[in-house]
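Asker: Chains as they are written, first to last, in the working numbering: chain V, 1 to 353; chain B, 1 to 353.
Hints are computed from structural coordinates only; laboratory data are not their basis.
One or more of the hints may lead you astray.
To be verified - Label-pair distances were calculated between CB atoms; the ranges are:
#1 B:231 x V:342: 49 to 57 Å
#2 B:195 x V:231: 42 to 50 Å
#3 B:4 x V:133: 36 to 44 Å
#4 V:77 x B:77: 43 to 51 Å
#5 B:172 x V:7: 13 to 21 Å
To be verified - Below, a sample of chain V positions facing chain B; criterion: calculated Cβ distance under 10 Å:
#6 101
#7 210
#8 235
#9 254
#10 268
#11 304
#12 307
#13 311
From the three backbone atoms N, C-alpha and C, an ideal C-beta is built for every residue, glycine too.
Protein chains: 2
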Amino acid sequence: MENQGFRKNLINIEPYVAGEQPKNDNIIKLNANENAYPPSPEVQKAISGFDAAKLRLYPDFSGEPLKSTLAEYYGLKPAQVFVGNGSDDVLAAAFRAFFNSDMPILYPDVTYSFYPVWCDILRIPYKTIPLKEDFTIDVNDYAQPNGGIIFPNPNAPTSIALEKSEIVKLLDANRDVVVVIDETYIDFGGESCVDLLDKYDNLVLTRTFSKSRSLAGMRLGFAMASEELISYMNAVKDSYNSYPVDAVAIAAGVSAVNDDKYFKDTLAKVISTRERLAKALEDMGFTVAKSAANFLFAEHNKFTAQEIFNFLRDKGIFVRYFNKPRIDNRLRITVGTDEQTDKMISALKELIG
Amino acid sequence: MENQGFRKNLINIEPYVAGEQPKNDNIIKLNANENAYPPSPEVQKAISGFDAAKLRLYPDFSGEPLKSTLAEYYGLKPAQVFVGNGSDDVLAAAFRAFFNSDMPILYPDVTYSFYPVWCDILRIPYKTIPLKEDFTIDVNDYAQPNGGIIFPNPNAPTSIALEKSEIVKLLDANRDVVVVIDETYIDFGGESCVDLLDKYDNLVLTRTFSKSRSLAGMRLGFAMASEELISYMNAVKDSYNSYPVDAVAIAAGVSAVNDDKYFKDTLAKVISTRERLAKALEDMGFTVAKSAANFLFAEHNKFTAQEIFNFLRDKGIFVRYFNKPRIDNRLRITVGTDEQTDKMISALKELIG
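Isolated chain V, as found in the complex (with noise of 0.2 Å):
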């Protein structure tokens, strides 16, 4: 073989190509899923008030104590939660703490597109399930031999929940793996599997900062499973990168945690915004998924995805348009400000008359 040099040893990667982050103030950005409201004041508190001089130490290693004040939230041991720099730094844990079998593992053939570049990165095999023709999950083609499951509840980018009962189905067929359920979205309308951590010593729940707690730019995830499961994510961490989350993040997360009050104003104002834009694109002639989330996943029945995505691009709206496979006809749009979804409406009434 030819003597490369060093490039021979370099790695072999297909990079994630993340969703376009446009600069300008301008714009109207509906593209990454992103709260349209800013965090809670308190958090603000939090961060002004922090005392810079603590910085000179490291942080705690296991978050303390955010870990503890979402352990008491929702109604777990300290012990039960697991907290990282955003919730890719918690499903990246969770991949390599639990999906270590030469089964492959089961996730939709239309979900979040970071799974398949874990599986490649750390050689878990993975096999994608077709959703169903509606873009629901069928618990039912869960039900064969695998080396675990993940899948989002609600699922993206489709909006969809699936009901507590149905993932009861899909746990009692597979206590012999681990279940991963991806919550990133659930404060937006779905129903939580947090009690059902008691029953099943198999099930992860992953949560984040990012979407429900308008803490995108502070990087703040956690999951919650039991505390053997919990202790398998701290030793992959404590292998990789001890401390994950600074002392300001902490902070803040704490702060927003306990500013229930807000959290759950900012989520009826979402829903509320949420439903009224559902029902402003099904006038205009758009199929629009059931949402149970912060963003709506349509389809229009007369304009292409890709001719509406372009056409709000140059007006300066953004919205995530996806070039793959079933789902290239659909846009997925996030919930913003009223004002944000007025001027939204009035773009696409130009465009559809």
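Assemble chain B onto chain V, guided by the hints.
Answerer: Here is chain B on its own, set in the frame of chain V:
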């Protein structure tokens, strides 16, 4: 084989054990090589003045504007800088990006204890090269077939720096593999290899804000290399956790780099105290390695390291003791403030007389 249920798929790893992190505010904590002084007042201003409303959006995925600020400071292009969630995150990305050979990577037998942990978890073959009797690196020992080289300069826990002329020899003998130099402690007295990046396209330097910039609690590290090598680190990041550095950390990092006077004044204070402490220890019968870091590596001619460690611990003074071959009679002592240093010297005098 017996059916172990889901436990059969759990990862099998030996967790890294971090240094003790005592919580009591009254103790003197000299066991984690944290900076004796707080970060620049500009960091406090950046944090206190941070507009939390911005946190609803994702941060820049490449850590801008911190990346450009660092590039300008070190005379590089922004594309030659990689910013991560602490230098452990940066080092882990480097191990994944660059150490993909069937040949073993080489590193010193006495060095940062995370290297074998990453090798194990990432299944990288490695071979340790013994330091000389005086704990220095002999670069001739690295002129052998290998899959990559990594060492800290100054080395830890020895505190000893390698001369740049020796590093050039090592680089010249190893043009076919990636050489990573972990410059965690370089600001305290070693010669950085930043100016060698122009000549050696197989050289990677890693850095942290945790030591010389007093920001251990903020989780900021970075790497500097050719644009090509940095692009591989970005590919690794984008295949695992795309947004590792939060928006507040980015702002804090920029303000720390921009206050160069504070940075240099703080370094001068730490170095001055280090020299005073080294002399005091030598006067008490310690052998102290010539330190280019913010810590000392010392052995007493009468008392064992374990005895001294326990004695100091009982007095509320925490230093680091490693129960490991070759170094189990040495202590790693972080350079504290002058007041902390005086208290430790007094305590040691009590024991040693």
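Asker: Does each hint fit the structure? Answer for all of them.
Answerer: Evaluation of the provided hints:
no.: 1; hint: B:231 x V:342: 49 to 57 Å; verdict: 42 Å, violated
no.: 2; hint: B:195 x V:231: 42 to 50 Å; verdict: 46 Å, holds
no.: 3; hint: B:4 x V:133: 36 to 44 Å; verdict: 38 Å, holds
no.: 4; hint: V:77 x B:77: 43 to 51 Å; verdict: 49 Å, holds
no.: 5; hint: B:172 x V:7: 13 to 21 Å; verdict: 18 Å, holds
no.: 6; hint: 101; verdict: 5 Å, holds
no.: 7; hint: 210; verdict: 7 Å, holds
no.: 8; hint: 235; verdict: 4 Å, holds
no.: 9; hint: 254; verdict: 14 Å, violated
no.: 10; hint: 268; verdict: 17 Å, violated
no.: 11; hint: 304; verdict: 28 Å, violated
no.: 12; hint: 307; verdict: 27 Å, violated
no.: 13; hint: 311; verdict: 24 Å, violated
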